[in-house]
Amino acid sequence: MLILRLKQAETAVADGRLDEAFDIVQSEQIRQHRRGQKLISRLARAFAKRGQENLEAERAQLALIDCNKAEKLAGNTNDVARLRSAICSEMEQRRLRNQHRSYKVTEARRQIQDGWISVGEQILNDADENDGQMGMVMQQANVARLQLNEAIAKADRALRRNDLDSAIDIFLQTGVTNSKNDRVTELVSKIKSLSIQQIRDNFNSGRIDRARSLWQKVSPIANGTSEISELGSALSQCRKAAEYVAAGRPREAVVLLRKVKVICPSAKWLGTVTEQTQKAAGLLDELAASPLGLDICSGTPYENGTGGEKINKVPVGDSIKSRELRHGMNDTGADSSLPSEFVMQMDGVGSFLVLRERCITVGPVSSSARPTVGLMADPNIPVATIERVQDDYFIRSSSPIRVNDITTNNKLLVDGDRIILSPRCRMKFHIPNPASTTAVLALSGTRLGRADIRQIILMDRDILIGPAAGNHILAEFLDKTVAIYAQNNRLLCKASEKVLVDDKKISSTAGLAIDKQIRIGQISFVITKQKA
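Take the sequence shown: its position 126, counting from 1, is numbered 211 in my numbering, and each next residue is one higher.
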């Protein structure tokens with residue numbers, strides 16, 4: 086039986102069926118037989134030879150299997166050692182080639198996405214070898230070039246027929262604004278010039294609504310153009326001035342209108358509106374000093390003489406302005422006037438920095454121009470500006486930043502956008518609830534001076550706290566959403582459960598106190614002013 090097995094193994098080796106012979110010679114009887122030992126040496130040399138052939142044919146994995154079998158049969162002989170060394174060297178070279186190819190593919194794809202299509206194509210063409218991945222990127226480059234040429238042709242036709250809106254829409258929809266193509270640069274420059282002229286014409290004629298609509302549309306294309314930024318500032322200040330007038334604070338509106346006049350000196354209506362606003366401020370001052378103002382300040386409730394309704398009057402000595410300040414006191418007598426920056430520290434949830442200004446800056450805390458949100462980051466990273474314009478948010482920077490891995494200086498932000506100031510300074514932009522224009526910045530890879538704050542809330546009108554994903558602050562232990570909203574420079578609360586400040590119930594019209602323990606059902610938090 087042993088001799089039969091030996092003959093079977095010898096025949097298998099002669100026919101080149103080395104793996105079959107390998108299985109046969111595993112028998113201990115064959116290994117101890119003199120004829121079997123000679124067969125094993127012959128089989129080991131055959132495995133080494135086949136391994137060398139596989140290696141030369143660039144089949145490194147098969148060569149490694151043969152090498153391992155040869156070593157198992159004959160030990161680490163010189164032939165086996167040389168083969169293993171050659172295999173390891175080939176695998177390392179292959180790893181380096183793959184790494185180099187992956188780098189070229191990644192770099193080519195990044196260049197194409199950043200608008201440098203020709204550069205990306207050249208990187209791929211310079212590669213020593215081509216594969217499916219490179220072919221796919223080359224195909225992406227071809228598609229990008231076709232889209233670019235089509236967008237250029239359509240935008241050019243739109244501008245020739247004086248259809249500025251269509252030209253802007255074409256560039257925004259195709260995303261070719263960042264292309265470094267000379268024709269795209271020329272068309273973008275033309276779009277900017279025409280947009281600036283139309284915005285100024287609309288503004289000077291008093292059509293602020295049209296000017297603002299066009300400014301919002303062209304801003305993602307303008308890429309931080311100084312004149313576009315100035316016009317945006319003028320429009321923002323006009324809106325703020327209108328809010329001051331509506332709130333009965335015309336004197337503050339006058340200051341803003343004068344600033345707008347510097348930016349837009351040709352808007353004749355600004356002079357008239359500024360003069361009217363000044364008159365309104367003077368009339369309010371006269372009213373405060375009149376007998377009616379004294380009567381308002383007498384302090385005793387009286388009946389209106391018709392329905393018996395009692396009206397509370399402001400105590401003696403309070404002016405109309407001080408009467409406004411009294412709204413900053415809640416039912417407990419605590420200060421509830423709302424600062425522009427504050428921190429909400431919620432038990433079992435976390436701490437949140439809340440910013441109420443429409444325009445904020447984000448950058449390194451050690452920057453020469455101190456940002457609104459100071460990050461513990463490299464002082465050389467750029468400072469970005471995030472501005473809320475009506476229901477939209479825009480990010481701008483004088484230096485290039487990356488949003489969703491695309492280099493830009495100006496972008497309209499949407500929910501889920503990834504903002505990258507540097508590889509170690511990232512944040513994510515969220516609009517949790519489409520019905521609310523309050524946004525959230527979630528920090529990643531960086532932090533504020535206060536390490537417990539990981540989220541920044543850009544508050545517009547309200548902050549929603551609740552168990553569902555549509556809330557700005559997620560509190561899973563709540564049964565229903567609690568709404569915190571700003572009104573008359575106070576922070577009010579709308580909730581199904583009673584609101585306690587220092588364990589004392591307050592009315593629904595009272596402002597939430599600063600530096601006091603606030604409890605609403607299962608949630609407890611403190612509002613503190615953000616330290617400068």
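Please note: incorrect hints may appear among the correct ones.
Claimed, not checked - Mimicking DSBU-like on lysine-lysine, the simulated pairs with C-alpha atoms at most 35 Å apart in a straight line are:
#1 Lys-239 / Lys-325
#2 Lys-344 / Lys-302
#3 Lys-589 / Lys-601
#4 Lys-601 / Lys-325
#5 Lys-189 / Lys-157
These are calculated hints, taken from the structure and not from any lab test.
Now for the hints, and whether the structure bears them out:
Of the supplied pair hints, the one linking Lys-239 and Lys-325 is violated, its CA atoms being roughly 38 Å apart against a limit of 35 Å. At roughly 24 Å between alpha-carbon atoms, Lys-344 and Lys-302 fall within 35 Å of each other, so this suggested pair holds. Annotation: proposed proximity of Lys-589 to Lys-601 holds, straight-line Cα distance about 11 Å (limit 35 Å). Restraint check: the Cα-Cα separation between Lys-601 and Lys-325 comes to about 31 Å, which is no more than 35 Å; the hinted pair holds.
Between Lys-189 and Lys-157, the direct Cα distance comes to roughly 41 Å. Violation of the 35 Å bound is thereby established for this hinted pair.
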